[in-house]
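Peer 1: Sequence:
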Amino acid sequence: MSDLTFIQLALIAIIFVWSGFVRSGLGFGGAVLSLPFLLMVDNQPQVYLPLISVHLLVFSSWTVWQSQRKVRLSRASASDENNGTVDWGYLKTALGIMIVPKLIGVFGLIVLPNTLMSAIIFSIVAFYSLTYIFNRPFKSNNRWLDAIFLILGGYISGTSLIGAPLIIAVFANHVAKHQLRDTMFVLWFILVSIKMVAFIAVGIDLQLIHHLWLLPCATLGHIIGTRLHEKLLLAETPVFFRVLGSALLIISLIGLYQGLMQS
1 MSDLTFIQLA
11 LIAIIFVWSG
21 FVRSGLGFGG
31 AVLSLPFLLM
41 VDNQPQVYLP
51 LISVHLLVFS
61 SWTVWQSQRK
71 VRLSRASASD
81 ENNGTVDWGY
91 LKTALGIMIV
101 PKLIGVFGLI
111 VLPNTLMSAI
121 IFSIVAFYSL
131 TYIFNRPFKS
141 NNRWLDAIFL
151 ILGGYISGTS
161 LIGAPLIIAV
171 FANHVAKHQL
181 RDTMFVLWFI
191 LVSIKMVAFI
201 AVGIDLQLIH
211 HLWLLPCATL
221 GHIIGTRLHE
231 KLLLAETPVF
241 FRVLGSALLI
251 ISLIGLYQGL
261 MQS
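Sequential numbering from 1 applies to the sequence shown in this note's numbering.
Hint data in this document are derived by calculation from the structure and do not stem from the laboratory.
Just to be clear, a hint being listed does not mean it is correct.
Derived DEER-like restraints, expressed as beta-carbon distance ranges [unchecked claim]:
(1) Thr115 / Ile200: 20 to 26 Å
(2) Thr115 / Pro216: 14 to 20 Å
(3) Ser74 / His211: 19 to 25 Å
(4) Gln66 / Leu4: 40 to 46 Å
(5) Ile250 / Ala176: 18 to 24 Å
(6) Ala10 / Trp144: 45 to 51 Å
(7) Leu116 / Arg227: 38 to 44 Å
(8) Gly89 / Ile250: 15 to 21 Å
(9) Ile190 / Ile224: 37 to 43 Å
C-beta: ideal position from N, C-alpha, C; glycine also.
Kindly generate the complete structure, drawing on both the sequences and the hints.
Peer 2: And the structure:
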C-alpha cells in the first residue's frame, strides 16, 4: 500500500469502517460487502484478504466472548445455560462437510493470479447482489441441498471469504435462533484460522503494519454496528438489501469490466 495516494488510503479506511459496521450490524457480510469496494480502489486480493482475515478473528472472538459474558451476568434460563450460545453438535457436522472444499479453495487463492481471482470474486458478489435485489435469499430444504451449499460455501470462503450467504442458508435451518449468531462466529473463526495458517505457510505478507490504522477503523464500525443492530432489525430490511444489492451489482460489473480491459 506504500504507493497508494492519500485519497486511496482514506477510501480504504472508510471501507474498513463499513466492513466492521456490516459485520456487527448484520451478523455476517463484512467481507462480501466490502471486498468489491476494496478491489475497486486497489486490485490486490492477496493484500486485503489477510487484513480481513485478522479482523474476522478479532471480532468473531470478541463477539462470542461478549455474548458468553452477558449470559453469565444475566443468569440466563436453565435451557440457555444447558445449551449455551453455540451449537457445537451441528458445527462439528458442518465442518466435516466443509473442510476439504475449504482447503481446495485456499489452494486456489494461493496459485491463481490476481486478475482471475478478482474476476471470480466480482462474479460471486454480483450473483449474491441479485438475491438481495429480488429478496430471494438462499434457502435449503433437504440434506443433499444442505451438503451442496456447505461444499460451495466452504470452497468460496477458502478462495475469498465470501461464502457466508450459502453457509447461513443451511445453518439457519438447523441451529436455534438464539444460538445462530455465535455459532456462525465460531465457524468463521475456525475457517479463517485455516486460511491464516496457509498464508503463513506460503509466505504471504500479512500486512501487519497496516493493522495499526485499519483495525481501529474496523473497531469504530463494529461499535456503530452493534449500537444500531436492533434498529436495523426493525427497519424495512428488504428495501435496505435492495439498495445495497443494487450498489454491489454496479460495483461488481464495473470491476469485471476493468478486469477485462486490463487482461
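Peer 1: None of the hints should be skipped; say for each whether it holds.
Peer 2: Tested hints:
For Thr115 and Ile200, the Cβ-Cβ distance of about 25 Å falls inside the hinted range of 20 to 26 Å, so the restraint holds. In this structure the hint that Thr115 and Pro216 lie 14 to 20 Å apart at CB is violated, the actual value being about 31 Å. The supplied range of 19 to 25 Å is broken by Ser74 and His211, whose beta-carbon atoms lie about 33 Å from each other. Taking the beta carbon of each, Gln66 and Leu4 are about 34 Å apart, not inside 40 to 46 Å as hinted.
In this structure the hint that Ile250 and Ala176 lie 18 to 24 Å apart at CB is violated, the actual value being about 37 Å. Between Ala10 and Trp144 the CB atoms are about 47 Å apart, so this pair conforms to the stated range of 45 to 51 Å. Remark: the range hint 38 to 44 Å for Leu116 to Arg227 is upheld by a beta-carbon distance near 40 Å. Taking the beta carbon of each, Gly89 and Ile250 are about 41 Å apart, not inside 15 to 21 Å as hinted.
The given range of 37 to 43 Å is broken by Ile190 and Ile224, whose C-beta atoms sit roughly 27 Å from each other.
Hints 2, 3, 4, 5, 8, 9 from the earlier list are contradicted by this structure; the remaining hints agree with it.
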